[in-house]
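For reference, the chains in residue letters:
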Amino acid sequence: MSYRRFQKIKEWFIEKALFLSALFSVFITIGIIGVLIFETFEFFKVVSIVDFLTDTQWTPLFSEKHFGILPLFAGTFVTTIIAMAVSLPVGVITAIYLSEYASNKVRIFIKPILEILAAVPTVVYGYFALLFVTPLLQKVIPDMSGFNSLAPGIVMGIMIIPIIASLSEDAMHAVPMSLREGALALGATRFQVAIKVVLPAALSGIAASFILGISRAVGETMIVAIAAGQQPRLTLNPLVPIETVTAYIVQVSLGDTPTGTIEYSTIFAAGMSLFAVTFVLNIVSYWLKKRFREEYE
Amino acid sequence: MDRKLLNRLYDRGFLFIGIFATSISLIFLLALLLDILADGMGRLGWQFLSSYPSRKPEEAGILSAWVGTVWIMVLTGCIAFPLGVSAAIYLEEYSRKNWLTDIIEINIANLAGVPSIIYGLLGLGLFVRFMNMERSVIAGAMTLAILVLPIVILSTREAIKSIPPSIREASYALGASKWQTIRNQVIPAAMPGIMTGVILAMSRAVGETAPLITIGALTYVAFLPTSPISSEFPYLSFQGFFDAFTALPIQIFNWVSRPQKGFAIDAAAGIIVLLVITFVMNAFAIYLRQKYQKKIRW
Amino acid sequence: MKKAMIFLTIMAVFAGFTAPESYAATVVKIDGSSTVYPITEAVAEEFQKVEKGKTKVTVGISGTGGGFKKFCNGEIDISDASRPIKPSEVELCKKNSIEYVELPVAYDGLAVMVNPKNNWVDYLTVKELKKMWEPEAQGKIKKWNQIRPNWPDKEIHLFGAGVDSGTFDYFTEAINGKGGASRGDFTASEDDNVLVQGIATDTLALGFFGVAYYEHNKDRLKLVPIDDENDTNGKGPVLPEYDNVVKGTYQPLARPIFIYVNKKSAEKSEVQRFISFYMKKGAELSKEVGYIALPEKAYNLGLGRFEKRIAGSVFGGHGAQVGVKIEDLLQKEGK
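Chains as they are written, first to last, in the working numbering: chain A, 61 to 357; chain B, 44 to 341; chain C, 146 to 480.
In isolation and in its complexed conformation, chain A is listed as follows (with noise of 0.2 Å):
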């Protein structure tokens, strides 16, 4: 065989072995799908679908046995609630403020700020809002619990903030410059600018960030596992102990069950639906980016 020939052959086992490499990103996902839905489904065997989506009780390991996902649901719902009213404004505030109004020097001391908030591990952010928040909003709320949904959610909002402001900008960002000059020279304030000419522009990319902020929050666990409690609740107190869909799976794993019992079905039961959730939610957010990206090219 002549060396070129070998050559050749060597360099399509390489070419297929990075082939490999790329499609495991797709075998990552069949795993993911497959392992949930596999386990899922010896849940939806001694489970009803109608009472995992109805039953207003989660209480799958006691003698009074309810397998209702709403009270979780609840629990995911009022954290992210109050995350998205914290992130949001400030987000998309701080975002125009960055965009339309300071200087260089600002942007340049403000972004590695949001960089470190969002690089910052969120096992530290739920001793923060456990032993810091909680006490804090104790001394103004005296009846509220330790364990409750109002803290972590604030601290929540506060972790989702770069995640809004960095899309958002980049959203404002991509308006042309024309659009603002246009505007200016018509008399607008920067602020009439702002609100009345980039803000509408650069609506896909805010509302991208916002849907990815909602799928961070949701899927976010450690805070709530630490700060939020771990009773399943359904109600939207934001002062009482409650428990999220993440933090349940968290609790039931530290207490590590064995395979093939209905214990272990209900954290993937449970992971499943969250899945579900962000899945959806991602991929609008995707879908919205793309049509940002697309406006003005």
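Don't take each hint at face value.
[What the hints assert, rightly or not] To give an idea of the interface, some chain A residues facing chain C are shown, with a C-beta separation under 8 Å as derived from the structure:
1. Phe-112
2. Thr-114
3. Thr-119
4. Phe-122
5. Glu-124
6. Val-200
7. Asp-203
8. Pro-236
9. Arg-240
10. Gly-289
11. Gln-290
12. Gln-291
13. Thr-295
14. Leu-296
15. Pro-301
16. Leu-314
In case anyone wonders, no lab produced these hints; they're calculated from the structure.
Glycine is no exception: its CB is placed at the ideal position from the N, C-alpha and C atoms.
Position chains B and C against the provided structure of chain A, taking the given hints into account.
Then chains B and C, alone, in the frame of chain A:
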């Protein structure tokens, strides 16, 4: 009031609101760092870094935790690096614009948004149970490697993209094959960018708690994984990779869950160590990125 | 060549981060009750110091039930249990040919606790506890004034052991009359630290767990005396104090707690050393962590049973039994 004045007022007003909103992030970060430092600074010291966890908060230390973190971090990097770089090379250099490539790309984008605990469930169902790896270092590292894979792929792709075609064309002109070009020209040139990605990935792996808890990392671990250098033939052992382990974020989580005040202080001290590691790695990665960007003068 | 260098460097990094003594260390695996955990953790810590790294001990807190599941599947050497083994677990062990030696290690006064700012609970009767915790209470008993009309019209936030916990089994057996029968809408955790944290920071909370966890958090919790309305063993409400538990007047919530050793594991020298250490230091360490130590005779009897490998449970494998006093325990073990 006349319209123009009102608009000016809104403009001014928003300036202040904007500054205020932006400072919220700053103030929060400061409060966080100051609180942690105040709580934990006093506890840091040689004793803390070299002791095992204990039932007495004053004697508890993070030895098994930070060693576990180092093991996990290095192992995760070793797994994610070849996988991620190969995938990125394929996508940048070899792939054609067909439906399969699109699926792969969408897939990677999607994986980046999956909650970390789902990766933990994957690790539990696949590595720990199905492949019987138990709650070992290797199971944890493989789970985390999958989690950080999108980061490595993304950074590597960026790094490769920024290498101008002229380098490749010159290499081909000299008679090199495609792989030779990639191996000898593209990858070395992209190395700083690739390293940035790997370091960022490892720094992310360092802080992840949920997936490790789900696969069952223990919290009371008063020993270190078995050394790979053993005293008998063949002098190299992989036993350590299959040992039980703990990691910094898990130890912190365990201490935070304990009600005694002493453990809250231990947790704060542990957090300081974790933050130092995280920030140093991130700073190093960014420094590499800056240096690399300056160096390129094609 | 370069690849080999990188590989060796990485291996060296790992080697650098390992203890030199960990070459051929053996492991003793323990898991189970979070009530027994403080004692076992203390013993394991002191033991590993004495062994200087020759033996590793891992201790998990999956709950008594969780621990037994693993134990009867042969996954662990020793099971921590805050109640005797129950029929389904006896079955499972038999199925997997696992024999066990039962060793009592201490006495626990299961304590009921509220937040220090709670100024209305002066004591609780067993009947009132039942009203709060029985399965029928789920979704219905939500406020303090439903227990006693003169108590506040505010929510009760309940904290208690989870279903995998022996404490849960025991409490439900003693209070609700049937092991495992309980309402499900409360904060349940096998990790007693979570419960302490919850009660200590919530003025409306009430919970139960091993008295050792109270001892370590005295300033953040308030103990509730229990009245079993049975004058023959102590009149009126009784606190789980040392004397009351020893005398047997703190009823029905005083109970022995155990470890179970896998007979096969007992053949390993490291397990033998560990158990011998446990029985010798058990009294001192259980007192240190806040439990009631058994009389020295009990530990000697235990060590004897272990050395003779006398398998099986003196409680007949029926699970939690209420009202076992220390003298009863000694009698049973002595046989």
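Results for each hint:
With a least beta-carbon distance of about 16 Å to chain C, the hint placing Phe-112 (chain A) at the interface is violated under the 8 Å criterion. Below 8 Å, beta-carbon pairs count as interface contacts, and Thr-114 (chain A) has none with chain C, the closest being about 16 Å; its hint is therefore violated. Checking Thr-119 (chain A) against chain C by beta carbon gives a least distance of about 3 Å; that is within 8 Å, so the hint holds. Interface hint status for Phe-122 (chain A): upheld, as the beta-carbon distance to the closest one in chain C is roughly 3 Å, under 8 Å.
The criterion of a C-beta within 8 Å of any C-beta in chain C is met by Glu-124 (chain A), whose closest approach is roughly 5 Å, and the hint holds. A distance limit of 8 Å between C-beta atoms decides the matter here; for Val-200 (chain A) the minimum to chain C is near 15 Å, and the interface restraint is violated. With 8 Å as the threshold, the beta carbon of Asp-203 (chain A) comes within range of chain C, its nearest partner Cβ sitting at about 7 Å, so the hint holds. Interface restraint check for Pro-236 (chain A): the shortest CB-CB distance to chain C comes to about 48 Å, outside 8 Å, so the restraint is violated.
The criterion of a C-beta within 8 Å of any C-beta in chain C is not met by Arg-240 (chain A), whose closest approach is roughly 51 Å, and the hint is violated. The closest approach between the C-beta of Gly-289 (chain A) and any C-beta of chain C is roughly 6 Å, which is under the 8 Å cut-off, so the hint is satisfied. Hint status for Gln-290 (chain A): holds, given a least beta-carbon distance of 5 Å to chain C, under 8 Å. For the restraint placing Gln-291 (chain A) at the interface with chain C, the shortest Cβ-Cβ distance is roughly 4 Å, inside the 8 Å limit, so the hint holds.
The interface hint given for Thr-295 (chain A) is broken, as the beta carbon of that residue sits about 10 Å from the closest beta carbon of chain C, more than 8 Å. Hint status for Leu-296 (chain A): violated, given a least beta-carbon distance of 15 Å to chain C, over 8 Å. Taking 8 Å as the C-beta cut-off, the interface hint given for Pro-301 (chain A) holds, the closest approach to chain C being about 5 Å. The restraint placing Leu-314 (chain A) at the interface with chain C holds, with a minimum CB-CB distance near 7 Å, inside the 8 Å limit.
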